[in-house]
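In order, the protein sequence lines correspond to chains A and B.
In terms of my numbering, the first sequence is residues 2 to 195.
In terms of my numbering, the second sequence is residues 2 to 195.
Accuracy of the hints is not assured; some may be wrong.
Just a few of them, taken from the derived set where beta-carbon distance is under 10 Å, the chain A residues facing chain B [what the hints assert, rightly or not]:
1. H11
2. P23
3. K29
4. V32
5. S35
6. H42
7. G52
8. G79
9. V98
10. R157
11. P180
12. S194
Listed next, the stretches of chain B that the computed footprint assigns to chain A, with coverage defined by at least 3 CB atoms under 8 Å from CB atoms of chain A [said to hold, decoys possible]:
13. 22 to 28
14. 113 to 127
15. 184 to 192
Since the hints were made in silico from the structure, they are not lab data.
Quick caveat: nothing in here was measured; it's all calculated off a predicted structure.
Beta carbons: idealized from backbone N, C-alpha and C, even for Gly.
Protein chains: 2
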Amino acid sequence: MKRAEERGSHYANISLILTHYPVYNKNKEVVVSSVTTLDIHDLSRIAKTFGLGAFYIVTPLKSQIALIERIFSHWKTGFGSDYNPTRKEAFGNTCVVDNLGSAFRLIMNHEGKRPKIIATGAREVPNSIKFHEMKRIINFKDPFAILLGSGWGLERDIIMKSDYILEPIKGLGNYNHLPVRGAAAIILDRLLSP
Amino acid sequence: MKRAEERGSHYANISLILTHYPVYNKNKEVVVSSVTTLDIHDLSRIAKTFGLGAFYIVTPLKSQIALIERIFSHWKTGFGSDYNPTRKEAFGNTCVVDNLGSAFRLIMNHEGKRPKIIATGAREVPNSIKFHEMKRIINFKDPFAILLGSGWGLERDIIMKSDYILEPIKGLGNYNHLPVRGAAAIILDRLLSP
């Protein structure tokens, strides 16, 4: 992966991270959640559509890392690369790492400075930042990492240690269970669309 | 399903339709596309989050209809209804029909008049309507149906016969291959968020 000024995509300074640890399960226990293979496809395509520099998938499980790397090799160099070249293109900036700290360090290495971490989630948290405020702060230069938790959301300490906590997406009723794929699409659209 | 005034969700007058026929494949041939089971989950959850009245899945294939109905029964009354009640709730307004005309007729029966059809797609089409214009037209009273095509998009005649053709979602670069799940989330957010 190249440094921001060489990449040419519009938000090359912004990374998306989907982490599977530490997150909650439905009983509010901290767990490693399972990788949903369609997340890899959807979030790569959504990140690519909005011109992001990179999409990191974080899981500590060796078997899940191997699964993701098999999917990459199918679509990047195997049968899939010929069958659907747009998927190969989407996966060009996607990679898998075994912990969140590694993702942050990789971004720092690429960008030359620590990214500002933007935590996301479906729950109300004190001191969260509104979408329109976050949109004013984001620019085409400084590194930012938008952090998504799979399962039932990011563990509280991770949220609290972030630079920004984005307000939740509110629907029009009491039901508030967007899939992470849908939430990510709305978050990038609200923050990055012209 | 009940009439709009009895339902109580905010956009009970609006339906979402995902059709698998007639749509294009990647070679621009008109085909029946396969049902992606995660679409059923994601689009039900997204539609429910925005308070829509109904979500219709259209496929002419008997085997695929049977598959969808098995998924419904698992989550609505089977093991899944206990394991994850929020999914049962999301599926409450989801149903499957074998052709688009039936979906339109069902909506007309429920709403008491023909819905205005809003076609969507990733391609530029002359006379398309901007999101902000469509948002001004939509209200809490008149029936609208937002029509999504799976595969490589809705067949041209279906688009041309619609009441409105929504402008495509543009990303920030040349890559324009959003998954239908992500596109639907952005479309509902842009049209229906307060």
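Consistency of the hints with the structure:
1. Interface hint at H11 of chain A: satisfied, since its Cβ lies 4 Å from the closest Cβ of chain B, which is below the 10 Å cut-off.
2. Hint status for P23 of chain A relative to chain B: violated, with the closest Cβ pair at about 21 Å, above 10 Å.
3. The criterion of a C-beta within 10 Å of any C-beta in chain B is not met by K29 of chain A, whose closest approach is roughly 15 Å, and the hint is violated.
4. Below 10 Å, beta-carbon pairs count as interface contacts, and V32 of chain A has none with chain B, the closest being about 16 Å; its hint is therefore violated.
5. The interface hint given for S35 of chain A is broken, as the beta carbon of that residue sits about 14 Å from the closest beta carbon of chain B, more than 10 Å.
6. Look at H42 of chain A: its Cβ gets to within about 7 Å of chain B, closer than 10 Å, so that hint holds up.
7. Below 10 Å, beta-carbon pairs count as interface contacts, and G52 of chain A has one with chain B at about 4 Å; its hint therefore holds.
8. Below 10 Å, beta-carbon pairs count as interface contacts, and G79 of chain A has none with chain B, the closest being about 18 Å; its hint is therefore violated.
9. Given the 10 Å rule on beta carbons, the hint for V98 of chain A is violated: about 23 Å separates it from the nearest Cβ of chain B.
10. At a threshold of 10 Å, the smallest CB-CB gap from R157 of chain A to chain B is about 21 Å, leaving the interface hint violated.
11. A least Cβ separation of about 5 Å between P180 of chain A and chain B falls short of the 10 Å threshold, and the interface hint therefore holds.
12. The interface hint given for S194 of chain A is met, as the beta carbon of that residue sits about 8 Å from the closest beta carbon of chain B, less than 10 Å.
13. Look at the segment 22 to 28 of chain B against chain A: 1 of its residues bring a Cβ nearer than 8 Å to a Cβ of that chain, fewer than three, so the hint is violated.
14. With 0 residues having a beta carbon nearer than 8 Å to a beta carbon of chain A, the segment 113 to 127 of chain B misses the requirement of three or more and the stated coverage is violated.
15. Coverage of the segment 184 to 192 of chain B by chain A holds in this model, with 6 residues showing a Cβ closer than 8 Å to a Cβ of that chain against a need of three.
Consistency note: the structure conflicts with the earlier hints numbered 2, 3, 4, 5, 8, 9, 10, 13, 14.
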